[in-house]
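Asker: Each chain is listed here by its residues.
There are 2 protein chains.
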Amino acid sequence: MNFPSKLVEDAVYEVSKLPGIGKKSALRLVLHLIKANPTQTKELAKALTTLREGIRYCKHCHSIADKDVCNICENPKRQSGILCVVEDTKGILAIEATNQYFGKYHVLGGVISPIDGVGPSELNITSLVERVEKEEVKEIIFALSSTMEGDTTVHYIAKKLQNQDVKITSIARGVPIGGELEYADELTLGRSILTRTVYNQQ
Amino acid sequence: MNFPSKLVEDAVYEVSKLPGIGKKSALRLVLHLIKANPTQTKELAKALTTLREGIRYCKHCHSIADKDVCNICENPKRQSGILCVVEDTKGILAIEATNQYFGKYHVLGGVISPIDGVGPSELNITSLVERVEKEEVKEIIFALSSTMEGDTTVHYIAKKLQNQDVKITSIARGVPIGGELEYADELTLGRSILTRTVYNQQ
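Sequence order for the protein chains is A and B. Just add 54 to wherever you are in the first sequence, counting from 1, and you've got the working numbering. Just add 54 to wherever you are in the second sequence, counting from 1, and you've got the working numbering.
Some clues are possibly wrong.
One copy or any two copies: either way a pair holds, since identical chains are not told apart in the list.
[What the hints assert, rightly or not] Here are the simulated lysine to any residue pairs, SDA-like style, with alpha carbons at most 25 Å apart:
#, residue 1, residue 2
1, 89, 237
2, 60, 73
3, 60, 120
4, 100, 204
5, 121, 234
If you're looking for bench data, these hints aren't it; they were derived computationally from the structure.
Could you build the full structure based on these sequences and the hints that come with them?
Answerer: What follows is the structure in structure tokens.
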């Protein structure tokens, strides 16, 4: 594209580096910023800069945090002795949105995937094992992707913890609530039959 | 959403102000920036800030520019005496991409739309009439939206210029190249029959 302005060209180039934003979308965003109030651009640039400079990782659970310890780890109301293991901070956000979990978390930073060059040593597994000992963890809930890599990671960690007195569970896999049976894939439906739950009359 | 970090929350808030970007997309972009090299965020913030502070509007054609006069207006190779009238800078970019036009432009800044409170005085119409006199313009090509508002604007400007010796044209409307007849709307197809062109044997 032949830009009328070097400034626009530079801005479009930087914006289009973001994932899922192509040249055309980037141009639309840039033209919007030009038309909008200058403070909008200033505040956007400031928020991104302070974010990138200020961001930390929690020293306990490795989640994204503003300080050395994240809000959840330092919250005395959160149940200790129970850890939910997730791949990344997005997993924490998803589970927090359910309002059904009040324990703490542990962010692995991915799953074991030899094809992507990610071995156990690249993940926060050692610190997880240490936490289980130190924090007297009674239960670990795995909430990883339901893929071969996710299953391998669960298996690896479970083996590491086999001599410790900790219960290992995994979030339930099954047909989504509101989902229709005819659209469920065979694997999910098959698993949901095998792991059927007892009907609880209230 | 319950963010683990105030910094992330602020950044998501600012990013989600952009058009077409919701909370979830904003979070994805912010988490990407956190994972990526810090220079990426720095350069993005810098490009946006210098853009917003440095951007000008060309004093001749009102297009977005880095200086008081845009690249196209100051280019001696561009044909003078012919002006293409567009709504905004996006129109210039679209026409420049065709490589079929070598004249100059005039950005109106919108079209006459009483319902949106845009009257002729909000648009760069006076300066267009002045240019026609001063630059001895021989032809004006309207490339506005094919809407009632666009047509009204063309009509209004044409009337303003009726005493001047300038040819007024409009870009052709018709069935897109590669478009199939059965999918063309009746209005476009009807217009394309009325404004049929003579077959040019080569």
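Asker: Next step is simple, just say for each hint if it's right about the structure.
Answerer: Evaluation of the provided hints:
1. Taking the closest pair of Cα atoms, residue 89 and residue 237 never come within 25 Å of each other, the shortest separation being 46 Å inside a single copy and 36 Å across copies.
2. In the homo-oligomer, the alpha carbons of residue 60 and residue 73 lie at most 25 Å apart both inside one protomer (23 Å) and across protomers (23 Å), since each shortest distance falls under that limit.
3. For a Cα distance limit of 25 Å, the shortest separation of residue 60 from residue 120 across copies, 7 Å, qualifies, whereas the shortest one inside one copy, 36 Å, does not.
4. Taking the shortest Cα distances, residue 100 and residue 204 never come within 25 Å of each other, neither inside one copy (37 Å) nor across copies (39 Å).
5. In this homomeric assembly, residue 121 and residue 234 never come within 25 Å of each other (Cα to Cα): the closest approach is 44 Å inside a single copy and 60 Å across copies.
The structure shown violates the earlier hints numbered 1, 4, 5.
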